[in-house]
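Engineer: Heads up: the sequence shown runs through residues 1 to 405, numbered per the numbering used here.
Calculated directly from the structure, the hints in this document are not laboratory data. Check each hint, because a few of them may be wrong.
Okay, derived cross-link-like pairs now, DSSO-like style, lysine-lysine, Cα gap no bigger than 27 Å in a straight line [as the list claims (entries may be wrong)]: (1) LYS14 <-> LYS51; (2) LYS26 <-> LYS155; (3) LYS45 <-> LYS21; (4) LYS21 <-> LYS58; (5) LYS77 <-> LYS14; (6) LYS384 <-> LYS118; (7) LYS295 <-> LYS155; (8) LYS184 <-> LYS38; (9) LYS392 <-> LYS300; (10) LYS295 <-> LYS384; (11) LYS392 <-> LYS155; (12) LYS128 <-> LYS155; (13) LYS45 <-> LYS128; (14) LYS27 <-> LYS77; (15) LYS370 <-> LYS395; (16) LYS184 <-> LYS295; (17) LYS128 <-> LYS14; (18) LYS77 <-> LYS124; (19) LYS300 <-> LYS155; (20) LYS45 <-> LYS58; (21) LYS27 <-> LYS155; (22) LYS334 <-> LYS370.
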Amino acid sequence: MQRFTLPRDLYHGKGALEALKTLEGKKAIICVGGGSMKRFGFLQKAEDYLKEAGFEVKLFEGIESDPSVDTVMRGAKAMEEFGPDWIVAIGGGSPIDAAKAMWIKYEHPECTFEDMCKVFALPKLRNKAHFCAVSSTSGTATEVTAFSIITDYEKGIKYPIADFEITPDVAIVDPELAETMPQKLVAHTGMDAMTHAIEAYVSTAHANYTDPLAIWAIRMIRRDLINSYNGDMTARDNMHDAQCLAGQAFSNASLGIVHSMAHKTGAIFADYGAHIIHGAANAMYLPKVIAFNAKDPEAKARYAQIADELKLGGETADEKIANLIALLRNMNDKLNIPHCIKHYGKDSYPTEEGFVPENVFLERLPEIAKNAIADACTLTNPRKPTQEEMEKLLKACYYDTEVDF
């Protein structure tokens, strides 16, 4: 038996932010990140809509990119002091993910961060508050998912929290918010969404309910991402819907080792100034993982189906998969995303080394591989890597070498 869970209500289209006026309650806390939502007036609109609905409103501002355990605990304390019956998270994946984890701690003060990370083992929520997520970026789709990513900076590891309990009650997907994204963010979030859709389609937990969402998202992202990156606002609006469809797919089908590897490399090189942005990591690793997973017969067939859906040509499954990999690498080129960790962080790649020194990468490689294998997303990857295979795969992602194992 499988489960398919989405928010109770999903409001979409321009002006959808106004749906906040339909919420019913007494106190609402708004969780938000940096200054962009305030700068463009969306935070004030959200606050005004909630007050119009009769709420007393409190702000929890300044949630950082890749939110920390410490931020989660501070936010939960603020919630405990204020006592909201609605938690409204507005912004990109970071404030929404952080607010989800805060929600758990608010509802269950006895719950430790380690407890939160136990896969699909959370206690029941909604005893104190309901949750509304308003997305401003077109990638994570956390507004519709059962996932949250929180970083333990002491360990340099991103941990996924996975449980249907943290699927928001209400999602608002208003493309006006996404039109404010800077170009680099469009690129990274867009390839994050592409990775979500492809990994959901080949996941061992895929189903008839998730496949149409994943395939349609892949088609839309292929059509609209580059144009969105180049400033086409119609394409930007379409991408906001596409990433949400991808999120609905992966929230129910889960993901694979592209995300496992991205989670475990994102912060581990932070001491060298290399915080590998999640979407960029996914973009670099996805072509390598496709080549690795395609050794599994069922995954090979499904990657070939994706190529067919995109009309990429090819007579054999191998040719179709090669064309799919070439497409993704070409998209990275057009989005100015490097192909490997070695060149990450330099604008002049591939002629200069990036932020992560080779000796440091090789020294930390066994630990990264071990942690990636233990990541929750590995459970539904179509091919289960050994420690040796994961190390070889990560090396291919560092040097941009062929995956032939």
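Engineer: Determine for every hint whether it applies to the structure shown.
Structural biologist: Taking the hints in turn, this is what the structure says about them:
Simply put, LYS14 and LYS51 have alpha-carbon atoms about 21 Å apart, close enough for the 27 Å limit, and the pair holds. With a C-alpha separation of about 39 Å, the suggested pairing of LYS26 with LYS155 is violated against the 27 Å cut-off. For the given pair, LYS45 sits about 10 Å from LYS21 by alpha-carbon distance, which is consistent with the 27 Å threshold. Among the hinted pairs, LYS21 with LYS58 is consistent with the structure: their alpha-carbon atoms are about 16 Å apart, no more than 27 Å.
Taking the CA atoms of LYS77 and LYS14, the gap is about 34 Å. The hint is violated against a cut of 27 Å. With a CA separation close to 20 Å, the supplied pair LYS384 and LYS118 stays within the 27 Å bound. Restraint check: the Cα-Cα separation between LYS295 and LYS155 comes to about 33 Å, which exceeds 27 Å; the hinted pair is violated. This hinted pair checks out: LYS184 and LYS38 have alpha carbons roughly 20 Å apart, not beyond 27 Å.
Restraint check for LYS392 and LYS300: satisfied, since their Cα atoms lie roughly 20 Å apart, inside the 27 Å limit. For a cut-off of 27 Å, the pair hint linking LYS295 to LYS384 stands: about 11 Å separates their Cα positions. Annotation: proposed proximity of LYS392 to LYS155 holds, straight-line Cα distance about 23 Å (limit 27 Å). With a C-alpha separation of about 32 Å, the suggested pairing of LYS128 with LYS155 is violated against the 27 Å cut-off.
Among the hinted pairs, LYS45 with LYS128 is consistent with the structure: their alpha-carbon atoms are about 25 Å apart, no more than 27 Å. Between LYS27 and LYS77 the CA atoms are separated by roughly 15 Å; this keeps the pair inside 27 Å, and the hint holds. A C-alpha spacing of about 14 Å is found between LYS370 and LYS395, which places the hinted pair at or below 27 Å, so the restraint holds. About 33 Å separates the Cα atoms of LYS184 and LYS295, which puts this hinted pair outside 27 Å; it is violated.
With a CA separation close to 31 Å, the supplied pair LYS128 and LYS14 exceeds the 27 Å bound. For a cut-off of 27 Å, the pair hint linking LYS77 to LYS124 stands: about 19 Å separates their Cα positions. Using a Cα cut-off of 27 Å, the hinted pair LYS300 and LYS155 is violated, with the two alpha carbons roughly 35 Å apart. A C-alpha spacing of about 14 Å is found between LYS45 and LYS58, which places the hinted pair at or below 27 Å, so the restraint holds.
With a C-alpha separation of about 36 Å, the suggested pairing of LYS27 with LYS155 is violated against the 27 Å cut-off. Using a Cα cut-off of 27 Å, the hinted pair LYS334 and LYS370 is violated, with the two alpha carbons roughly 33 Å apart.
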